[in-house]
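Start from the sequences and build out the full structure, keeping to the hints where you can.
Protein chains: 4
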Amino acid sequence: MLINKTDIRVRYKDTDAMGIVYYANYLVWFEVGRTEWIRSLGLSYRDLEKGGLFLPVIKASCDYKTPAHYDDELTVITWLESLRPVRLTFSYEIRCAGQLIAHGSTEHAFVNEEGRPVVLRKKNPFLWRKLSRALENDPAG
Amino acid sequence: MLINKTDIRVRYKDTDAMGIVYYANYLVWFEVGRTEWIRSLGLSYRDLEKGGLFLPVIKASCDYKTPAHYDDELTVITWLESLRPVRLTFSYEIRCAGQLIAHGSTEHAFVNEEGRPVVLRKKNPFLWRKLSRALENDPAG
Amino acid sequence: MLINKTDIRVRYKDTDAMGIVYYANYLVWFEVGRTEWIRSLGLSYRDLEKGGLFLPVIKASCDYKTPAHYDDELTVITWLESLRPVRLTFSYEIRCAGQLIAHGSTEHAFVNEEGRPVVLRKKNPFLWRKLSRALENDPAG
Amino acid sequence: MLINKTDIRVRYKDTDAMGIVYYANYLVWFEVGRTEWIRSLGLSYRDLEKGGLFLPVIKASCDYKTPAHYDDELTVITWLESLRPVRLTFSYEIRCAGQLIAHGSTEHAFVNEEGRPVVLRKKNPFLWRKLSRALENDPAG
Chain Y
1 MLINKTDIRV
11 RYKDTDAMGI
21 VYYANYLVWF
31 EVGRTEWIRS
41 LGLSYRDLEK
51 GGLFLPVIKA
61 SCDYKTPAHY
71 DDELTVITWL
81 ESLRPVRLTF
91 SYEIRCAGQL
101 IAHGSTEHAF
111 VNEEGRPVVL
121 RKKNPFLWRK
131 LSRALENDPA
141 G
Chain V
1 MLINKTDIRV
11 RYKDTDAMGI
21 VYYANYLVWF
31 EVGRTEWIRS
41 LGLSYRDLEK
51 GGLFLPVIKA
61 SCDYKTPAHY
71 DDELTVITWL
81 ESLRPVRLTF
91 SYEIRCAGQL
101 IAHGSTEHAF
111 VNEEGRPVVL
121 RKKNPFLWRK
131 LSRALENDPA
141 G
Chain A
1 MLINKTDIRV
11 RYKDTDAMGI
21 VYYANYLVWF
31 EVGRTEWIRS
41 LGLSYRDLEK
51 GGLFLPVIKA
61 SCDYKTPAHY
71 DDELTVITWL
81 ESLRPVRLTF
91 SYEIRCAGQL
101 IAHGSTEHAF
111 VNEEGRPVVL
121 RKKNPFLWRK
131 LSRALENDPA
141 G
Chain U
1 MLINKTDIRV
11 RYKDTDAMGI
21 VYYANYLVWF
31 EVGRTEWIRS
41 LGLSYRDLEK
51 GGLFLPVIKA
61 SCDYKTPAHY
71 DDELTVITWL
81 ESLRPVRLTF
91 SYEIRCAGQL
101 IAHGSTEHAF
111 VNEEGRPVVL
121 RKKNPFLWRK
131 LSRALENDPA
141 G
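For the record, the sequence lines run as chains Y, V, A and U. Numbering follows our numbering, in which position 11 of the first sequence is assigned residue number 11; successive positions increment by one, without gaps. Numbering follows our numbering, in which position 92 of the second sequence is assigned residue number 92; successive positions increment by one, without gaps. Numbering follows our numbering, in which position 59 of the third sequence is assigned residue number 59; successive positions increment by one, without gaps. Numbering follows our numbering, in which position 59 of the fourth sequence is assigned residue number 59; successive positions increment by one, without gaps.
Just so you know, these hints were derived from the structure itself, not from any lab. Hints are supplied without guarantee of correctness; some may be wrong.
[Said to hold, decoys possible] Not close to chain U: a few residues of chain A, all C-beta gaps over 10 Å, as computed:
| # | residue |
| --- | --- |
| 1 | K5 |
| 2 | N25 |
| 3 | S44 |
| 4 | V57 |
| 5 | D72 |
| 6 | R95 |
| 7 | C96 |
| 8 | G115 |
| 9 | V119 |
| 10 | K123 |
| 11 | N124 |
| 12 | P125 |
| 13 | L127 |
| 14 | R129 |
| 15 | K130 |
| 16 | L135 |
[Claimed, not checked] Below, a sample of chain V positions facing chain U; criterion: calculated Cβ distance under 7 Å:
| # | residue |
| --- | --- |
| 17 | R11 |
| 18 | Y12 |
| 19 | D16 |
| 20 | Y22 |
| 21 | T66 |
| 22 | P67 |
| 23 | Y70 |
| 24 | P125 |
[Said to hold, decoys possible] Listed next, the in silico PhoX-like pairs over lysine-lysine satisfying Cα-Cα at most 20 Å (straight line):
| # | chain 1 | residue 1 | chain 2 | residue 2 |
| --- | --- | --- | --- | --- |
| 25 | A | K50 | A | K122 |
| 26 | U | K59 | A | K59 |
| 27 | V | K13 | A | K123 |
| 28 | Y | K65 | Y | K123 |
| 29 | Y | K59 | V | K59 |
| 30 | U | K123 | U | K50 |
| 31 | Y | K50 | Y | K130 |
| 32 | A | K50 | A | K130 |
| 33 | V | K50 | V | K122 |
| 34 | Y | K50 | Y | K5 |
| 35 | U | K5 | U | K130 |
| 36 | A | K13 | V | K59 |
| 37 | V | K5 | V | K122 |
| 38 | A | K59 | V | K13 |
| 39 | A | K65 | U | K59 |
| 40 | V | K5 | V | K130 |
Think of the CB as a built atom: it goes at the ideal place given N, C-alpha and C, for glycine as much as any other residue.
Spelled out as structure tokens, the structure:
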């Protein structure tokens, strides 16, 4: 299984009046995580969009375990959790010096420029194969 | 059951390069929804914090049904889903002209200034009673 | 001179670890202010974009006078400061119960879908006349 | 003069419906730039705050030259522009592959926990000397 680890530094912008990171920002870091996961596959999400494939989020969830603070160095750990004909799910962990800060997942549909669902295996067989292999722990894909 | 409806206008800031609302922003609107729900109870979350009670989010989730766009007028519908001694859950719907855009929930712990869990019935019996009655459809609380 | 006043409630999201509003958020409120200013002219910025006219920001500035806090009720006061063939400038004040919180301005270019500058008087004479009159204190435009 | 260069990758979150980076985000990147500039001085802004010194923004401005897009790799270039007894100014350039995207500045007051202005030379003579030397191109400070 292909796992990506990306470092994030907490910005002042990310904090709130409780002195901790505001909860919606974890979803932004999930986005950074999956972008880098796709890059570690040898692809870029920007190019997928240029090729007419979009992956809008259809479901997101996050469990908050320990607050993160300004200037903390966090690691976003991302992996592909499941792959189906018209959607996929990424899972994430956010850690600070090893300690679990939060974990969650996002589910994405495969759609075209018009926002219509597409079957990935037909729309982009190359990507389908890459993702299938990443799921089976073969990053050479 | 006490239900609050609050209107939100989609800002350019809320949109992304796909031309739709970025997914993390729904959690911000959930925050607006629960703030106004508490206000409709005759209280203010700001005052609860001044009294030493904080409600950090410990879990959040959102299902995205239909994309929202710039300048759309949305309604955030908020209600108290469950209440337990040390935590509560809010549920939300986001609608545009009646159509369901997204729905979700957030779970919150009751903690004090030091971030330690507190039993709400002991910490703030008045609020506990208000919330219990809101759950039972008695906004007179 | 046409002046628009729009109310904004400070969200938890807008605050930072200093317990006050994070400075970049004022630019978001300026956006809300100019959107509503355009609406008070009887137009909508969304429709201007559909008609092929875009107003990207080319310059922005803000002076911060007094911090704003969570749950504060602010008023964004917006007016058209200047109008030239290929650009315009909006000015803004943010007030809380009358007190000046911040003031600033944004300068915008008139561009088409391809991002190329256009002369507003030629591109959209109706809007040019509306704006000219708004500047001269004739909201009947 | 001490100059810091920090790399930033544009997130989907940073873009808007025009397909380019939303203008308020540049101020967030300026924050990243000055945090890293202070770190390159051998200090951390987090520690300055723990020592009772805060640097709220009192003025900010930005000139937007060329739009930035999703997934662009940007460089934030930061330097100390001026230093006075009770305030300082940072200047910034944002570049993409050498090309100027935007430039701007932020002015900051020196204040204590209560938000009251302090004379830096008295409050923190060590930092005052460090900053003075950074301005004079002596990062050994």
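| said: Which constraints among the numbered hints does this structure fail? Numbers only, ascending. | reply: Violated hints (numbers, rising): 2, 4, 8, 17, 21, 22, 24, 27, 28, 34 and 37; every other hint is consistent with the structure.
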